[in-house]
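In order, the protein sequence lines correspond to chains A and B.
Under the numbering used here, the first residue of the first sequence is numbered 184, with each subsequent residue one higher.
Under the numbering used here, the first residue of the second sequence is numbered 11, with each subsequent residue one higher.
I should point out that these hints are in silico values taken from the structure, not numbers from a laboratory.
Hints should not be assumed to be uniformly reliable.
What the hints assert, rightly or not - Partner residues aside, some chain A positions facing chain B, computed with beta carbon under 10 Å: (1) N236; (2) D307; (3) Q315; (4) P321; (5) V324; (6) V332.
What the hints assert, rightly or not - Capping the alpha-carbon separation at 27 Å, the derived lysine-lysine pairs in DSS-like fashion look like this: (7) B:K85 - B:K27; (8) A:K204 - A:K309; (9) A:K309 - B:K360; (10) B:K27 - B:K77; (11) A:K309 - B:K27; (12) A:K323 - B:K85; (13) B:K116 - A:K323; (14) A:K409 - A:K309; (15) A:K279 - A:K204; (16) B:K77 - B:K125; (17) A:K204 - A:K388; (18) A:K309 - B:K85; (19) A:K232 - A:K323; (20) A:K279 - A:K388; (21) A:K323 - A:K409; (22) A:K309 - A:K323; (23) B:K85 - B:K125; (24) B:K85 - A:K227.
Remember, predicted model here, so these are calculated numbers, not experimental data.
Glycine included, C-beta positions come from ideal geometry on N, C-alpha and C.
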Amino acid sequence: MIGGEAFLTEESWQAVFLSLKVSLWATVLSLPLAVFVAYVLVRKEFWGKQLLNILVHLPLILPPVVTGYLLLSVFGRRAPIGAWLEQTFGLVLAFKWTGAALAAAVMAFPLMVRALRLGIEAVDPKLEQAAQTLGASPIKVLTYITFPVMLPAILAASVLGFAKAMGEFGATITFVSNIPGQTQTIPSAIYGFLQVPGAEGDALKLILMSVALSVGALLLSEVLAKRLTQTGGQK
Amino acid sequence: MSLSVDIQHQLEGFHLKASFTAPSGVTALFGASGSGKTSVINAVAGLIQPDQGEIALNGVDFLNTRKGINLPPHKRGVGYVFQDSRLFPHMSVLRNLRFGGRMQGKAPNAALEGKIFDMLALGSLLDRMPVDLSGGEKQRTAIGRALLAEPTLLMMDEPLAALDERRKQEILPYLERLRDEAGLPILYVSHSVSEVARLANHLVVMQDGQVVQSGAATDVLSDLNSAQHISADSLGAVITAQVQAHDSDGMTVLHTEGGPLYLPNLPADIGSQHRLRIKAQDVMLSLSEPAGISALNCLQGVISDIQNHPAGGVLVQISCADSRILSRITQRSLAALSLQKGQQIFAVVKSVSLVQGDIGLRES
């Protein structure tokens, strides 16, 4: 309770900035893969498609604690992939903010894929055929037709993913724990305050902050979406 | 300039087997819906891959299943105007129009753009978004977009089918200018005899996935075998006529091989060539030169063929030198007049049947 004049304590501000950092990374990193997976699930027929679909949805249907535990047993420092990542790239995930970003990304992924699928389904393949007859190669069709037409869906998926990442708690606390300044995001900080008698005030302030951030993200996406439809998504 | 197609393809419950060549000018693929016309041009565009066969344009192989050649659609340089326009909703009209050039890495060609914007009256639409265009405007934009990609072949799949009659009449003159000015072969898919009669130089008649007739439009339309595939009320021949004089009472006199034809107020120069469509149901037959009737137009010829039509009635083909017209009469009239091949006959054409909308300007 040092610096009683400040709206948030030093620890709370750390949690806010860490949450923003973790959620941004989680969204930015999962978006390309989510677009790819959504595209494949909508447009391609292949063996094991149903399996991929189930795999993508697992974080949505499993208890978050289970997802966190699974992450720990795959990406922990002594787990096979975790050890390999540390040796090869010096990248440690367990009990680090990077791990919080991974957990948030995994949890946000199915929601983003679902939003993107709707967007891809809305792109008429006939438009892509028309582009082909005008001389567009498959890559150019994606760049100039498919992605621009589904831009509103990409935006919606990003906002949804970001919001989910900001709110992620169960998998994060299981995978990377609740270390102030290291892995303590807004939800785990709120949880921490609620465990301490007399800290309800701090908890409430963080809750208000979290509401403000979520509403802000939503408003920003509305403004962007409106601007997109006005210009017709021109680049 | 010529396109040759010889393909076989198995679709669900449908076997496509098409073989024809399309010389320069407009070649119409004609037939009822479901006869395989669109599948043929999709194969030419590369949007479907036939099981086997060959497609070549001016000696360039698009498809040759024996040699293992299948050029992807974006390398074929074939313009395609779809029935439903398919404008890109996120781009302005101008950006739609320039899309082809941009994909091919070409700078906008001001001279060509000027010519095409002018021909299709696109100048006032350039800043609009596709959602703000009428059906006719969309289709004009789609035609311009295909042309600005500088294709070596233009294909149109029922470009007028989604439009109402007024819009059709608005677009048809543009298509005629296109045929006469663009100087590239056009493959035109349609199930409308009047469109085909107005636009096509060559005709490929399709039924149940097979080509049943192909040849010059005037020959195929007046051929009694291909008439079997055309519904009775739209049957009719196309003949060529030359403007001879404009009479003081407002009638235009046209010279045909079967004699003069009279049309009210045809705004055309003396000496210009026109194509006239004469519907079979508008032609009466007379054994002697008719006198004392109100119809002005009477052509003289020889009966060259007689066949029953599946929808009832009898079709009589009358040859006037190299031109042929059709008449649809009843079985009873056939018996009463005891008509036979080789007989001299007079064909009375009700002048009202020679309407403006059915006259196609022929390239001179």
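Here's how the hints hold up against the structure:
1. N236: This hint is violated: N236 (chain A) lies away from chain B, its Cβ roughly 27 Å from the closest one there, beyond 10 Å.
2. D307: 8 Å, holds
3. Q315: Q315 (chain A) check passes; min Cβ-Cβ to chain B is 4 Å, inside 10 Å.
4. P321: 8 Å, holds
5. V324: 8 Å, holds
6. V332: With a minimum Cβ separation of about 6 Å from chain B (threshold 10 Å), the hint on V332 (chain A) holds.
7. B:K85 - B:K27: 25 Å, holds
8. A:K204 - A:K309: 40 Å, violated
9. A:K309 - B:K360: Roughly 45 Å separates the two Cα atoms, so the pair is violated.
10. B:K27 - B:K77: 19 Å, holds
11. A:K309 - B:K27: Roughly 25 Å between the alpha carbons, so the hint for K309 (chain A) and K27 (chain B) holds.
12. A:K323 - B:K85: With Cα atoms ~13 Å apart, K323 (chain A) and K85 (chain B) stay inside 27 Å; holds.
13. B:K116 - A:K323: 15 Å, holds
14. A:K409 - A:K309: 26 Å, holds
15. A:K279 - A:K204: Distance ~13 Å between K279 (chain A) and K204 (chain A) Cα, so the pair holds.
16. B:K77 - B:K125: 40 Å, violated
17. A:K204 - A:K388: 20 Å, holds
18. A:K309 - B:K85: 18 Å, holds
19. A:K232 - A:K323: 26 Å, holds
20. A:K279 - A:K388: Holds - the C-alpha atoms of K388 (chain A) and K279 (chain A) are around 25 Å apart, at most 27 Å.
21. A:K323 - A:K409: 26 Å, holds
22. A:K309 - A:K323: 15 Å, holds
23. B:K85 - B:K125: 25 Å, holds
24. B:K85 - A:K227: Distance ~23 Å between K85 (chain B) and K227 (chain A) Cα, so the pair holds.
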